[in-house]
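A.B. asks: Work out the full structure, taking the sequences as your base and the hints as a guide.
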Amino acid sequence: MKAGHAQPLEYSTHQNDLNIFGFWVFLGAEIMLFATLFTTYFVYEGRTGTGPSGAEMFEITPVLIETIVLLTSSFLIGLGVHAMRLGNKKATMAFFALTLALGLVFLGVEIYEFAHYVHIGAGIQISAFTAILMTTLGTHGMHVTFGLFWGTAILIQLKKRGLTPETANKSFIFSLYWHFLDVVWIFIFSFIYLKGMM
Amino acid sequence: MSELFPRKQIIGFIFSLILTAAALVVYFMDLSFAAGMTVLLVTAFAQALLQLIVFMHAGETEDKWSIYGNVYFMVGIAIVTILGTLLLFAWDM
Amino acid sequence: MEFFERFAVPHPSPAIYASMVAIGLTVIAIVAGLTYFKKWGYLWREWLTTVDHKRLGIMYLLCALIMLFRGGVDAIMLRAQLAVPDNKLLDSQHYNEVFSTHGVVMIMFMAMPFIIGFMNYIVPLQIGARDVAFPRLNAISFWLFFMGAMLFNISFVVGGSPDAGWTSYFPLASNDFSTSVGTNYYMLSLQIAGLGTLMTGINMITTIMKMRAPGMTLMKMPMFTWSTLVANLIIITVFPVLTVALAMGTMDRLFGTNFFTTTNGGMDMMWANLFWVWGHPEVYILILPAFGLYSEIISTFSSRNLYGYKSMVASMVIISALSCLVWAHHFFTMGQGALANSFFSITTMAIAVPTGVKIFNWLFTMWKGKIRFTVPMLYSIGFIPLFTIGGVTGVMLAMSAADYQYHNTMFLVAHFHNTIIPGVVFAMLAGLTYYWPKMFGFMLNERIGKWTFWLLSIGFVLAFFPMYITGLDGQARRMYTYSEATGYSTLNMVSFVGAGIMAVAFALIVYNVYYSVRYASRNISSDPWDARTLEWATHTPVPEYNFAVVPQVKTSEPLWDAKKRKHVLFPGKLNKIHMPNNSGVPFILGTIFFVWGFSFVFAIWPLVIISTIGIFTCLAFRSFEKDHGRYISLEEVTETEEKLGGAK
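Protein chains in written order, with this note's numbering: chain A, 6 to 203; chain B, 366 to 458; chain C, 21 to 668.
Watch out, some of these pointers could steer you wrong.
[Unchecked claim] Listing some non-contacts, in silico: residues in chain C with all C-beta distances to chain B over 12 Å:
1. Gly389
2. Ile478
3. Phe485
4. Ala505
[Unchecked claim] To be clear about the criterion: a stretch of chain C counts as covered by chain B if any three or more of its residues have a C-beta under 8 Å from a C-beta of chain B, and this derived list gives those stretches:
5. 282-291
6. 339-353
[Said to hold, decoys possible] In silico PhoX-like pairs for lysine-lysine, Cα to Cα no more than 25 Å straight-line:
7. C/Lys330 / B/Lys429
8. B/Lys429 / C/Lys240
9. A/Lys95 / B/Lys373
10. C/Lys330 / A/Lys94
11. B/Lys429 / C/Lys583
12. C/Lys663 / A/Lys165
13. A/Lys164 / C/Lys240
14. A/Lys95 / C/Lys230
15. A/Lys94 / B/Lys373
In case anyone wonders, no lab produced these hints; they're calculated from the structure.
Glycine is no exception: its CB is placed at the ideal position from the N, C-alpha and C atoms.
C.D. replies: Structure representation (structure tokens):
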């Protein structure tokens, strides 16, 4: 891929190239991680014991907010990588910061959602369904949380060290991670929430 | 790619919003299970491909065969695991 | 104090008390020895902080051998208990603990590190690279494995051993029926070790795909490297499944969830399902690198290149895909429908086909070759008939209707040992003997090695073939005793004798190492077996940077080309070489993970939180770290090369 002249900064050293490749391999493994959770979910969807079902629990509004927030954050980090390839450190940092801010909003809504479920008697211990539901949502949420810390660390390094091959490499890899989490959310949105409210 | 205006990102973002809206059809309308699942599968996988190709730049280097190969292999095994488990435990066969 | 009562062993015995003493004395001896000989600095600088794939490989192998001893002692105890009917050596609780630890130790802490040790040592050398893609991550992989193994191994003296089988099925593994922390140890130690293995998967795949020497296309790679690539592809595919399953099991036991309970919608069979989605591909992870080693060894000692390179590659790729499609054959009898069972029956039988292709290719490699009956070759030749027998009993088990007779009998136990021992263990011993001169600069004694091979083979047959018969006769597995009236006693005694002979064979391996350290000549060639691939084109001992000049490759047998066909392997000039720095972080991270795992096992939540923060601190440290390695100067490279005998 050519950007007019040189290769993008994030690929520019041999180790950078290896890092990006290795991260794609890691994302493959993460596909199987979430696939396992979905496997269990589809069997446990109706195993609600004495607790509520998805149709009784889910509310479209917070789910839609979470989806739009995450989609927008994915768009913003895409703009961030684009700015990075144009060598614009300030714009890159701004877009990354906005992405993380939206990520925080997503988490806020999700925490509210969990609190609501506990409040209506659908805590994680109630049934197999609630266990897998909250574990799947929680695993995604923990990934987002980890991403917030990781992204902040990168933002600090961008500020202190500028756009170097190393910081560009880390930023690009983080963007892969963030996009992947958005893809996982799309499947959660479709096959947990929408399917449950069909 | 050194163009100033992020055309691809904006088009991609609009498309993902459209696909999300399309998926919402199953919530707002009364579809059969098969029809609803089809809508969800198509929109979800379309969005996933969109993210993969447009946002994650999966196809931009010479590693693209390894990257796509890895992703498709994993998705394949994921589907096998899900369907196999449903066959064992959910479908009475 | 009440807090410390939780660490007591719930079901002690004289043997367990003796072990506590032995462990204590050993730890004191090690600490005293290191202090007396002033080796702490050496240990830290050269081994605990290393990121060198060769050193990590050797540490993996050392751990595997120690774990082989522990698993072997477990095995002897089991066979001794069953040697006579109504025996009182082990009561039922202890028998359960011993067969559970035997299984986990042998598979997760003996076989896995054995193959990963070889992958680590050999693969970068075989592809002409200077290390793996992520040396620091590689070190973390090792220490996570080590700490996972340590955590598992202290269970029987601190808090209680797991006792629900190596498969830890629910509801037996739930709090209702496994009241000690044993199963917690199982869940957490495998989780930690599994994380390390997943990282190895990422590392090896990146290394093989991106760091091959110029000219080495995928279809020119040595067969061991191919087998490593495929095995690691399976690793990254299925270890995440184990991660999730173990997490769910942990949550059921410690957080009161209902994943695998029999109430509130829980489904105990889901554990078995997820476990085997991981567990079946796991055994292919073990066997494929073993196949790779056999390919290298058979080719070298037949003085012929491997027959059917392309079909060898294709068969491994097909095996890897099929291995993810067969898992339900481990629970044919558990109530799913006939169509489901039939599907998995067919896929299971199908997997015998590519395996058979490989057997024939090895035989064709040997056909009309100039065979040298060295110890590695003896293991490889013995493997072929013995493994085939194990394989065909596998096809018998694959027929789901027939499996209702075989399931959970000794027939099954015989089958999987019949594939793992001639398949994996023979390959490990062959590989150890084969690569020993490259690793340590002297050869293992051939005569002692041959005695080992024959004793091990005869002992193995005596130990396990009777189990086929008693299994068909109805002897169930995992039963701590049986009565005289069953008629199993004679064959069980034969098994015990066989196990004893195997023990002698393993003792001979230890003796071989001692004898060879003492008496073997250190004046050996860097290519003592007259081999064909790049790892033998290095000096012995292999310098830190492996190759002073990056090799250029034309065919799949670059060293043979250099020796016989005037190919120039190292065409470039000497130059300074960039190498990664050692780091203490992997060891420290591993130690924190041990604390995390231990405190999780005993639900000491403050310590869990503190160690979690510790883990993230290490990650943050790594993120902000500015360590770009160092250069070995041209002078130093030249000096080392001259000392070791010059680039070839």
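A.B. asks: Evaluate each hint against the coordinates.
C.D. replies: Hint check results:
1. Gly389: holds (36 Å)
2. Ile478: Its Cβ never comes within 12 Å of chain B, the nearest being 41 Å, so this holds.
3. Phe485: holds (33 Å)
4. Ala505: For C/Ala505, whose nearest Cβ neighbour in chain B is about 38 Å away, the distance exceeds 12 Å, so it holds.
5. 282-291: Held - the segment 282-291 of chain C has 3 residues with a Cβ nearer than 8 Å to chain B, which meets the minimum of three.
6. 339-353: holds (count 4)
7. C/Lys330 / B/Lys429: holds (23 Å)
8. B/Lys429 / C/Lys240: holds (21 Å)
9. A/Lys95 / B/Lys373: The hint holds at about 21 Å.
10. C/Lys330 / A/Lys94: Between C/Lys330 and A/Lys94 the Cα gap is close to 49 Å, so the pair fails against 25 Å, i.e. violated.
11. B/Lys429 / C/Lys583: Violated, at roughly 37 Å.
12. C/Lys663 / A/Lys165: Not OK: C/Lys663 and A/Lys165 at ~45 Å, beyond 25 Å, violated.
13. A/Lys164 / C/Lys240: The given pair, whose Cα atoms are some 46 Å apart, is violated under the 25 Å limit.
14. A/Lys95 / C/Lys230: The given pair, whose Cα atoms are some 33 Å apart, is violated under the 25 Å limit.
15. A/Lys94 / B/Lys373: Given pair A/Lys94, B/Lys373 holds - Cα atoms ~21 Å apart, limit 25 Å.
Violated hints, listed in ascending order, are 10, 11, 12, 13, 14; each of the other numbered hints is respected by the structure.
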